[in-house]
Amino acid sequence: MYSEKVMDHFMNPRNVGEIENADGIGEVGNPKCGDIMKMYLKIEDGIITDVKFKTFGCGSAIASSSMATELVKGKSIQEAMQITNKAVAEALDGLPPVKMHCSVLAEQAIRKALLDYSKKSGVKIEGLEDVEFDDEDLHEIHEIED
Amino acid sequence: MYSEKVMDHFMNPRNVGEIENADGIGEVGNPKCGDIMKMYLKIEDGIITDVKFKTFGCGSAIASSSMATELVKGKSIQEAMQITNKAVAEALDGLPPVKMHCSVLAEQAIRKALLDYSKKSGVKIEGLEDVEFDDEDLHEIHEIED
Amino acid sequence: MDKIIYMDHAATTPVSKEVLDEMLPYFCEYYGNPSSIYYLSNYSKIAIDKARERVAKAINADKNEIYFTAGGSESDNWAIKGIASKFEDKGRHIITSKIEHHAVLHACEYLEKKGYKITYLDVDEYGMISLEELEKSITEETILISIMFANNEIGTIEPVKEIGAIARKHNVLFHTDAVQAVGSLPIDVKEMNIDLLSMSAHKLYGPKGVGALYVKKGIKIDPLIHGGAQERNKRAGTENVAGIVGLGKAIELAYSNLEENTEKITKLRDYLIDSIQKKIPDVRLNGHPTNRLPGNVNMCFKYIEGESLLLSLDMHKIAASSGSACTSGSLDPSHVLLAIGLPHEIAHGSLRLSLGKDNTKEEIDFVVEKLATIVDRLRQMSPLYEKAQEGK
Amino acid sequence: MDKIIYMDHAATTPVSKEVLDEMLPYFCEYYGNPSSIYYLSNYSKIAIDKARERVAKAINADKNEIYFTAGGSESDNWAIKGIASKFEDKGRHIITSKIEHHAVLHACEYLEKKGYKITYLDVDEYGMISLEELEKSITEETILISIMFANNEIGTIEPVKEIGAIARKHNVLFHTDAVQAVGSLPIDVKEMNIDLLSMSAHKLYGPKGVGALYVKKGIKIDPLIHGGAQERNKRAGTENVAGIVGLGKAIELAYSNLEENTEKITKLRDYLIDSIQKKIPDVRLNGHPTNRLPGNVNMCFKYIEGESLLLSLDMHKIAASSGSACTSGSLDPSHVLLAIGLPHEIAHGSLRLSLGKDNTKEEIDFVVEKLATIVDRLRQMSPLYEKAQEGK
Ligand SMILES: Cc1ncc(COP(=O)(O)O)c(C=O)c1O
Ligand SMILES: Cc1ncc(COP(=O)(O)O)c(C=O)c1O
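Those protein sequences? They're chains A, B, C and D, same order as listed.
Heads up: the first sequence runs through residues 1 to 146, numbered per the numbering used here.
Heads up: the second sequence runs through residues 147 to 292, numbered per the numbering used here.
Heads up: the third sequence runs through residues 293 to 684, numbered per the numbering used here.
Heads up: the fourth sequence runs through residues 685 to 1076, numbered per the numbering used here.
In case anyone wonders, no lab produced these hints; they're calculated from the structure.
Errors might be hidden in some of the hints.
As the list claims (entries may be wrong) - Restraint-style ranges between C-beta atoms, simulated for each label pair:
#, chain 1, residue 1, chain 2, residue 2, range
1, C, Glu380, D, Asn917, 24 to 34 Å
2, D, Asn917, C, Asp313, 31 to 41 Å
3, C, Thr558, A, Met11, 53 to 63 Å
4, C, Glu551, A, Pro97, 31 to 41 Å
5, B, Thr230, C, Glu424, 47 to 57 Å
6, B, Lys151, C, Lys509, 51 to 61 Å
Glycine included, each C-beta is placed from N, C-alpha and C at the ideal position.
Next comes chain A alone, as it looks inside the complex (with noise of 0.2 Å):
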């Protein structure tokens, strides 16, 4: 069902954990739907320096959540806007259909967290103003056709 890249990332996710006094937070998710992702970023001069999560979800959930950090890790605010659940499914060789939502997920998490560094800050990012995080939906997104 899950790739070797998938497998790996749930059973040894990296970054793993909270920053004390993150630069900027995401959750994502509802624990109704089974998922909630938590993202935490260090970010100093624009380039997120250091990434860390907690997530509550399945086995793709988790290892979305672990690509999606070492993603990000060491790249700049742009270049992090840039991930879409695409690469991040990629990344791990791929997820099953019915998964597809846990990259979303990721996503998703990423710019929520970029989206709250933003508002402390007050850097403005662009393309970050008019997102909405519909977790509701999430599922729906990939579904199989029939």
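Based on these hints, arrange chains B, C and D with the ligands on the given structure of chain A.
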């Protein structure tokens, strides 16, 4: 499906053939339904001294005819009149429910031959006056329940 | 000859050794429920997937167009009732033929009781439907045409591609009961415009109790069996994994040897027909002389009844079948033989010998020899024969 | 430990060696179609007959009350739709419960779309229906009550005999989905007033893809699969002979060892529940504490999600299952866990360990040890756990 007796009477039927100048001939059944039995009787002094049959039909029709001839041979007319389809079936160690109509056919063939004898000879036979031979209904008689 | 001579392959076939070998691990070893997520279940999931691919390939379908079922009857019922239920608001008219298998006919009769209108097309003396009549019977209300690919009793092959074209032209769905055709005839659902196709494993050296329904991508159909999400939510129930594996292997084998087997079996069939006609008087070949299933021989032997013929053959360890009513205990002989115009008494004397890949010429010679003796014996006993002889 | 530790017997079971051995001859050797009349077919006919007797005996039914199907889902669908169709003129109301298997629920929902009225009874925190509520919901229109014998997720055993008595009193038919109960609990259809009962072979060490429906003598039901005259005209299709033989053997084995297995498995179950509760904090046992299936353990582990638990167990070769939505990709967790009143986030953290006759105490110790580590690891990762700890 069939008892050994049925198979024996089917493979080695007794009294197959015709009797020239038979004293009574009875034909029952209908080619449409897949069975016809024709029975020939030789009757002397109220005793059935010889009997032959020809049958178009399934295995149990042939076996029932054969058994019926054995049962009537040497019997008096009154004894022959007592032979029921049940007696034929029992003598064959039973017939499958869907095949019980074959034994009914055999019983009717005997009676019809006796009726023919009665008409030709003028000898009255008790119990034969109001017999009807309804070919079409035969198959329905012993239908299985569901 | 001690071995049984099996000439009833249209009724069922033995499971090939190669097929059974592929099935075996899925009983005790790879027993995981395909819906479970742990590693053990991967074996069953992959096995089903492979079988689906094999089945799809055999009829030029897409993997996702194949749904596994419990056999031909379920597939037929599902196709007909599932489409009827889904499209009840669009129309309630279905067209089928008089010579369909009971799985189709009785499903249609059931729908008739529920208010659907069914047209049962006539067939000609060879068992072929008329394309003209078919096209004429299509109305605004027509939602489905269900015509079999090849008939199980007389072997006649219907003009499937032409039916498909007519269905397409009038925007009506086309289901074909291909239970007798799959494994014996080349099938291309795309080229033939087939929307739904039923098959059954046990007719092609696979196990009994497993089959499939092909449903063309995009076609909506209500499930017959609701429940779990198996078969992409279309057919619930824990999968018969071993059976599905068996179907996959069997169909692959059938199509990789198709030409060779067809040639061999067709030759044997024609030799069998020829030998019977030469040796036994008053016989009639039922079905189409050439446009018939490779292994199908169906003949009527006048003046005798089919079951007594079968029983006699059985005494010589020859397994065959008959369209006689007496094998089923009902009054009427086969609806197929009546539909091609045979009178009842002739239809009662029918015999079907259906050949398979392992039959031999020696077996055929043996069968014909025995058959001649048996027919003669039964005719000597038959009052109909007597009358006919007198008439001559 | 190299061998897999299988604790998902409620999902499916391996076929017992003894069962497979009895099945094997019916693939390649005794392959005759049971409907044929020649000698070869006697083997299959007799085999089916024997299986029918064994199944009947296991539930104290009559041989002629057993109809073979392709599994539990078909049996459920047939019972519900077959009765609904037959009695549509008498009434269109069916009573069932909120915790039924999807085979029952989705069949009922389908009927709802077709104009039937369905009452879905609530259950209490243990998963038990209320007999009072049941009786109150019966109307003039009610034709069928369908309540499961024992729940597949939480193991709760419903008051079947009492339900049967209520059904009888009000002259309503009573169907029970006994797929999880057959082979694990004593069943007497006569004493329990059961009119229809579904079972499936693969839950009791028989093969997948075969089951049966018990239909009490005299009860009229429309077929789900129309066609040939198999199963006394009630369920068409060439019989899955080997599968049926397997079901017969499996059920006989199950009931001849019932007491012994029940005692052993119940002990293991209670030991497992006990060990988990001792070793792991913040857990909750779902289902009835005592009135539950011998092998069923269902627990919620707060703050973590079920699928991640399953995956981690799988890494230790432990096979289990979960009521988490994530195993199916849908939003909502198990309808059963919601019906007993669990909040979504708790329901997402459920784990079902279902024990079988071959599980051992050593396996349980191993599983509990691994489980404790896994739960701890996942909780350390969980933002919910973090919040809860802060709150304390
Ligand atoms: C209670 C219950 N009913 C019905 C079914 C369906 O049975 P099957 O998978 O044999 O169709 C199952 C198991 O899957 C079950 O546990
Ligand atoms: C043409 C045709 N359709 C349907 C069926 C039914 O298939 P099954 O016996 O697998 O249900 C058969 C064979 O029995 C058949 O020959």
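Each hint, compared with the structure:
1. Our hint of 24 to 34 Å for Glu380 (chain C) and Asn917 (chain D) holds, since their Cβ atoms are close to 26 Å apart.
2. Checked against the hint of 31 to 41 Å, the pair Asn917 (chain D) and Asp313 (chain C) passes, with Cβ atoms roughly 36 Å apart.
3. Between Thr558 (chain C) and Met11 (chain A) the beta carbons are some 59 Å apart, a value that agrees with the proposed interval 53 to 63 Å.
4. Glu551 (chain C) and Pro97 (chain A) have their C-beta atoms about 39 Å apart, which keeps the hinted 31 to 41 Å range intact.
5. For Thr230 (chain B) and Glu424 (chain C), the Cβ-Cβ distance of about 56 Å falls inside the hinted range of 47 to 57 Å, so the restraint holds.
6. Range check, Lys151 (chain B) to Lys509 (chain C): Cβ separation about 59 Å, and the 51 to 61 Å hint holds.
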